[in-house]
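These protein sequences, in sequence, are chains A and B.
Using our numbering, the first residue of the first sequence is number 1, and each one after it goes up by one.
Using our numbering, the first residue of the second sequence is number 1001, and each one after it goes up by one.
I should point out that these hints are in silico values taken from the structure, not numbers from a laboratory.
Each hint should be verified, as a subset may be incorrect.
Capping the alpha-carbon separation at 20 Å, the derived lysine to aspartate or glutamate pairs in EDC-like fashion look like this [as the list claims (entries may be wrong)]:
| id | chain 1 | residue 1 | chain 2 | residue 2 |
| --- | --- | --- | --- | --- |
| 1 | A | K4 | B | E1267 |
| 2 | A | K278 | A | E355 |
| 3 | B | K1032 | A | E355 |
| 4 | A | K32 | B | E1132 |
| 5 | A | K292 | A | D362 |
| 6 | B | K1330 | B | E1320 |
| 7 | B | K1370 | B | E1331 |
| 8 | B | K1241 | A | E116 |
| 9 | B | K1004 | A | E62 |
| 10 | A | K234 | A | E75 |
| 11 | B | K1004 | A | E267 |
| 12 | B | K1013 | A | E320 |
| 13 | A | K241 | A | E228 |
| 14 | B | K1330 | A | E37 |
| 15 | B | K1234 | A | E116 |
| 16 | A | K330 | B | D1046 |
| 17 | A | K330 | B | E1037 |
| 18 | B | K1032 | A | E33 |
| 19 | A | K148 | A | E132 |
| 20 | A | K168 | A | E267 |
| 21 | A | K4 | B | D1054 |
| 22 | B | K1224 | B | D1172 |
| 23 | A | K32 | B | E1229 |
| 24 | B | K1297 | B | D1166 |
| 25 | A | K4 | A | E33 |
| 26 | B | K1292 | B | E1132 |
There are 2 protein chains.
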Amino acid sequence: MLQKLANLRRQHKELINIMPLQTGGLLTQAAKEALIEFGDGYSTCDFCLGSLCDITNPPVREFVHELLPPFLGSEVATITHGARETIFMVMHSLAQPGDSIVVDGNRHYTTMVAAERVGLNVIETPHSGHPEFKVDVDDYIPLIENHKPKLILLTYPDGNHGNLPDAKRLGDIAQQYNVPFILNGAYAVGRMPVSMAEVGADFIVASGHKSMASAGPSGVLGMKKKWEEIVLRKSSLYSNKEIELLGCTLRGVPLITLMASFPEVQERVLHWDEQVSKAQWFSSELEKLGIKQLGEKPHRHDLLHFESPMLYDISKRVRERGYFLYRELKERNIWGPQPGLTKSFKVSTFAASREQLSLVLDSFRAILNKYC
Amino acid sequence: MLQKLANLRRQHKELINIMPLQTGGLLTQAAKEALIEFGDGYSTCDFCLGSLCDITNPPVREFVHELLPPFLGSEVATITHGARETIFMVMHSLAQPGDSIVVDGNRHYTTMVAAERVGLNVIETPHSGHPEFKVDVDDYIPLIENHKPKLILLTYPDGNHGNLPDAKRLGDIAQQYNVPFILNGAYAVGRMPVSMAEVGADFIVASGHKSMASAGPSGVLGMKKKWEEIVLRKSSLYSNKEIELLGCTLRGVPLITLMASFPEVQERVLHWDEQVSKAQWFSSELEKLGIKQLGEKPHRHDLLHFESPMLYDISKRVRERGYFLYRELKERNIWGPQPGLTKSFKVSTFAASREQLSLVLDSFRAILNKYC
């Protein structure tokens, strides 16, 4: 066992990556270099004067206070351990045990667990069910009127189908009912243009390892100025330490990769239209093979969920069962659908080129031909 | 600014490191390699089946469930974002807002902030004050009797003076009064032999980036089996997701460095007696120069706090003020005392060899000769 620890290797490192959790977190070259430079524990804190977000060397202060707010469309920003920790932090600041909140029916499981950690009562909106699983944000209205929630949350897009509900319309609703609105942009910020101000949200949550070309775990929170004294309230004993951050959060190498990748991340969101057309093309080509896309159509995000009854049928009659698809793809240098799944699976087209995706399409074609 | 982000460099990387936050977190060669291998966001989760601590490739499950408990002297272990997050997690599980806890007068500031985040009333034991700042654990007894705390915490050693109070005696007291006992071993676990079972604590808290040769942020929690269903209680909706962990905590590269360094960390704690004699020798040599060690004597930890009125006197008459010491040491390839400090400063002898520490001593001698 100790021997295994001393030689840790990844099997999927050089493959074409269409794994939805990973495509937005692949490091840039600058991040790879920073990773090595700041690998040693606490090496970000050489010149700390008491607050992580105020360190000027490396330039954490400029990154957090000058670069992040305009990028997020927020007035204030901070760094966190990840999207789930950020959502917990906001819930823990704004709501008390027993309070209600309203969230979309496509919320990530961590939204429910974060609410449970605070002791909140969660009301979910419906969604349209199979095959599109769409959330209509007007469904928040009766739930807000009935439950008087302390906050509302929208997952934008959701991690299961990559659906993008009408966040701006929900921003209007939130303002009309004067209820704080968290936009969970773990799969949006760093991939596509998204502005908290334009949406009209109070908080925007981002994930470094999911969508900002950063090592994990890492996250970002943007908010309106008026929430700063609540969510970033200071300790009564230590006037430069935020209670919800326990003083400092991301005190290490994931912060450095987040910073090092930021110039490229800022640039790449400007090319989102190319990402969307690539995803739509890939989806339509896979559909021609009888593999049906779930979620919104036309799709507006690189995260795609497919239903593939033929692959499932194959899995029932081969020795490896569902793992045959993983093996067949891996043999073709492709890493993506969760090992074991065939009935339905998720992929992301974000990191792969059209040429690589053509190889993926050819591979699905070849696999179907081989077994059918 | 974007240009600065694209080229992040550390100034202290190759220097003799006696900086107390950093000496225990310097990466091993195995950790450096694992860092690169698993740098991309979420790359630890290739083969996740729903729970981070159950992943077998890389061998997280074996590390957390088989290797950590015997190393910690605990019955159960898990991984966290760091010591402060771990302490919050235990407090949040065991106590309610308004409850009281008793902690040592040398506690880290984050213990107070974590308690404030939960809404707890904190009672601190006294310490002996200047120059030794010793905590007598018998001082917990009247505080336990008067305040009926929901838990007690001991910092072992404290991060300010490196004092090691009588943890085993406090374990007996905790058992006698039946009060859960957290041992904060952020500066102990990974440096020196320490066993939760031998101390008689209920919880042991460790820091990967402070003392386990790991990238930051990262932490470890060990506990008695009887606390597992409270601290690691599962979500009512997701039966494999721990509420306090929000499903998964350390989902990324700090976990990998923690694992990769573990074989060497396990080995190095066996040589703690050499570390102690090295620290005592360094301290006695520095005292010969008129720089007085604070904290317990003879000292039993590599974390050392010194008082240096002559250096402070110099700082008052040189152009750079307190920063002259930082510059003088840096010119001699030494990185350690916080830039700006001269009146008193902390160092750690953990990572430097006796030869390197001789150079440090020569440097202090030369600096004093130069200015006095």
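Hint by hint, here is what the structure shows:
A distance of roughly 16 Å separates the Cα atoms of K4 of chain A and E1267 of chain B; the hinted pair therefore holds under the 20 Å criterion. Note on K278 of chain A and E355 of chain A: the hinted pairing holds, with a Cα-Cα distance of about 11 Å set against a maximum of 20 Å. At roughly 33 Å between alpha-carbon atoms, K1032 of chain B and E355 of chain A are farther apart than 20 Å, so this suggested pair is violated. Under the criterion of a C-alpha separation no larger than 20 Å, the hint pairing K32 of chain A with E1132 of chain B is inconsistent with the structure, at around 45 Å.
Taken as a hint, the K292 of chain A and D362 of chain A pair is honoured in the structure, with Cα atoms around 16 Å apart against an allowance of 20 Å. A threshold of 20 Å between alpha carbons decides the hint, and for K1330 of chain B with E1320 of chain B the separation of about 14 Å falls inside it, so the pair holds. Our distance criterion of 20 Å between C-alpha atoms is met by K1370 of chain B and E1331 of chain B, whose separation comes to about 14 Å. Taken as a hint, the K1241 of chain B and E116 of chain A pair is honoured in the structure, with Cα atoms around 11 Å apart against an allowance of 20 Å.
Between the alpha carbons of K1004 of chain B and E62 of chain A the distance comes to roughly 10 Å, so the proposed pair stays at or under 20 Å and holds. Among the hinted pairs, K234 of chain A with E75 of chain A is consistent with the structure: their alpha-carbon atoms are about 18 Å apart, no more than 20 Å. Straight-line distance between C-alpha atoms of K1004 of chain B and E267 of chain A comes to about 16 Å, which keeps the hinted pair within the 20 Å bound. With a C-alpha separation of about 49 Å, the suggested pairing of K1013 of chain B with E320 of chain A is violated against the 20 Å cut-off.
The straight-line distance between the Cα atoms of K241 of chain A and E228 of chain A is roughly 13 Å, inside the 20 Å bound, and the hint therefore holds. Our distance criterion of 20 Å between C-alpha atoms is met by K1330 of chain B and E37 of chain A, whose separation comes to about 18 Å. As the CA atoms of K1234 of chain B and E116 of chain A are separated by approximately 10 Å, the hinted pair is consistent with the 20 Å bound. Between K330 of chain A and D1046 of chain B, the direct Cα distance comes to roughly 13 Å. Compliance with the 20 Å bound is thereby established for this hinted pair.
Under the criterion of a C-alpha separation no larger than 20 Å, the hint pairing K330 of chain A with E1037 of chain B is consistent with the structure, at around 18 Å. At roughly 12 Å between alpha-carbon atoms, K1032 of chain B and E33 of chain A fall within 20 Å of each other, so this suggested pair holds. Distance hint between K148 of chain A and E132 of chain A is unfulfilled; the C-alpha atoms sit about 29 Å from each other, more than 20 Å. For the hint linking K168 of chain A to E267 of chain A, the alpha-carbon distance of about 23 Å lies beyond 20 Å, and the restraint is violated.
As the CA atoms of K4 of chain A and D1054 of chain B are separated by approximately 16 Å, the hinted pair is consistent with the 20 Å bound. Distance hint between K1224 of chain B and D1172 of chain B is fulfilled; the C-alpha atoms sit about 15 Å from each other, no more than 20 Å. A hinted pair counts as satisfied when its Cα atoms are at most 20 Å apart, and K32 of chain A with E1229 of chain B does not qualify at roughly 40 Å. Of the supplied pair hints, the one linking K1297 of chain B and D1166 of chain B holds, its CA atoms being roughly 14 Å apart against a limit of 20 Å.
A C-alpha spacing of about 26 Å is found between K4 of chain A and E33 of chain A, which places the hinted pair above 20 Å, so the restraint is violated. Restraint check: the Cα-Cα separation between K1292 of chain B and E1132 of chain B comes to about 11 Å, which is no more than 20 Å; the hinted pair holds.
Checked against the numbered hints listed earlier, the structure breaks hints 3, 4, 12, 19, 20, 23, 25; every other hint is satisfied.
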